[in-house]
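Q: Sequence:
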Amino acid sequence: MTAPSSPETATVVRVPLGARSYDIHVGRNLLARAPALMTPVLSQKRVFIVTDSNVAPLYLAPLTQALTDAGLRADHAIVPAGEASKDFGHLAKLLDAMLAAKCERGTMIVALGGGVIGDLAGFAASVLLRGVDFVQIPTTLLSQVDSSVGGKTGINTAAGKNLVGSFHQPRLVIADTDVLATLPRRELLAGYAEVAKYGLLGDAGFWAWLEQNGAAALNGSHEALREAIVVSCNAKAKVVAADEKEGGIRALLNLGHTFGHALEAEMGYGGDLLHGEAVAIGMALAFDLSVRLGLCPAADAARARAHLKAVGLPVDPPRTGARGAITAAMLTAHMSQDKKMKDGAVAFVLARRIGDAFMSRDVSAAALDATLTAALAS
Numbered sequence: 276m277t278a279p280s281s282p283e284t285a286t287v288v289r290v291p292l293g294a295r296s297y298d299i300h301v302g303r304n305l306l307a308r309a310p311a312l313m314t315p316v317l318s319q320k321r322v323f324i325v326t327d328s329n330v331a332p333l334y335l336a337p338l339t340q341a342l343t344d345a346g347l348r349a350d351h352a353i354v355p356a357g358e359a360s361k362d363f364g365h366l367a368k369l370l371d372a373m374l375a376a377k378c379e380r381g382t383m384i385v386a387l388g389g390g391v392i393g394d395l396a397g398f399a400a401s402v403l404l405r406g407v408d409f410v411q412i413p414t415t416l417l418s419q420v421d422s423s424v425g426g427k428t429g430i431n432t433a434a435g436k437n438l439v440g441s442f443h444q445p446r447l448v449i450a451d452t453d454v455l456a457t458l459p460r461r462e463l464l465a466g467y468a469e470v471a472k473y474g475l476l477g478d479a480g481f482w483a484w485l486e487q488n489g490a491a492a493l494n495g496s497h498e499a500l501r502e503a504i505v506v507s508c509n510a511k512a513k514v515v516a517a518d519e520k521e522g523g524i525r526a527l528l529n530l531g532h533t534f535g536h537a538l539e540a541e542m543g544y545g546g547d548l549l550h551g552e553a554v555a556i557g558m559a560l561a562f563d564l565s566v567r568l569g570l571c572p573a574a575d576a577a578r579a580r581a582h583l584k585a586v587g588l589p590v591d592p593p594r595t596g597a598r599g600a601i602t603a604a605m606l607t608a609h610m611s612q613d614k615k616m617k618d619g620a621v622a623f624v625l626a627r628r629i630g631d632a633f634m635s636r637d638v639s640a641a642a643l644d645a646t647l648t649a650a651l652a653s
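Going by our numbering, the first residue of the sequence shown is number 276, and it counts up by one from there.
Just so you know, nobody snuck in bad clues.
Calculated pairs, EDC-like style, for lysine to aspartate or glutamate (alpha carbon to alpha carbon, straight line, at most 16 Å): (1) K320 with D344; (2) K377 with D350; (3) K513 with D298; (4) K584 with E486; (5) K320 with D350; (6) K320 with D408; (7) K320 with E379; (8) K513 with D478.
Here are the computed distance ranges between Cβ atoms for each label pair: (9) D591 with A479: 23 to 31 Å; (10) S639 with D591: 17 to 25 Å; (11) P291 with A585: 32 to 40 Å; (12) R461 with E498: 18 to 26 Å; (13) K320 with L292: 25 to 33 Å.
To be clear, the hints were calculated from the coordinates, so they are not data collected in a lab.
C-beta atoms are modelled at their ideal positions from N, C-alpha and C, and glycine is treated no differently.
Construct the complete structure from the given sequences, taking the supplied hints into account.
A: What follows is the structure, given as structure tokens:
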């Protein structure tokens, strides 16, 4: 559910999980209000902030000052920016820093950053001292509408993305829309891919709204951007409440991700392909595969591709990766490591039309290969 709001107050979206329910606050100037928002969920007057080398120069000092002014002790650790920090080595260094700071079970971990920081800090919180609380303060559009909500935490391995992790729900999410003003355009677009996902998988009306208002949201309309974030958070909150640990409908949130994760792995998790860019390509491929299987009208696939492309997102896979020319066989090999594998079959999120996605394990190798081969040749 969503609490009423005005331009001067935050919109509050509730994630209803019984005793582990929490609020997502969406609005302006929330970083300064973080101590007041956090106070109800703090067990002691100290926090440990985890951030990265891009976010720290912008927001670590003001957040630390706000917390200190509120009488809280605030220690911190800064990890290198980028997907490469989501690995065992950086996790170990982060845990060592937390222990060196003498974090206790009552110490609140604060994830200040994008999806990488949220995943890494959340996973660290889930295992530190057998589990401590954490708060998400997402600083990218992607993390505000997706990765900060729902409790998925984890790191990458050589075998694939997010294959080691845990479900560990935050106590609070603070989505300050003002911090998005410092995002590079490419990062903002990457986050928009996850916004678009909610329309494509289950809300045709929202997709139509995005076709009319998405460009404004990306080009400076705060109200349009805030509306997109709130609708996205509401959509994810409902799915998480119904299926917290991805035993059923939550898997629909992976629309485009099976393809996208394979592309990210083949690209080496560097800056050449952002997660949201990979998801945008993956959603286009999911609709292409759905059309090839006779499940979805070609017009819907074309419409999905057209809007993603119109706002500036990629819809075709890169041809060259970390190992040279990318082939369909390389991508299907990565898909065989997908977390949703069951009895050797990869689970795909497919579409009957825009706003109507479903899970399927009945995808022939020939159809998948044909879809990928055609995309890589286009």
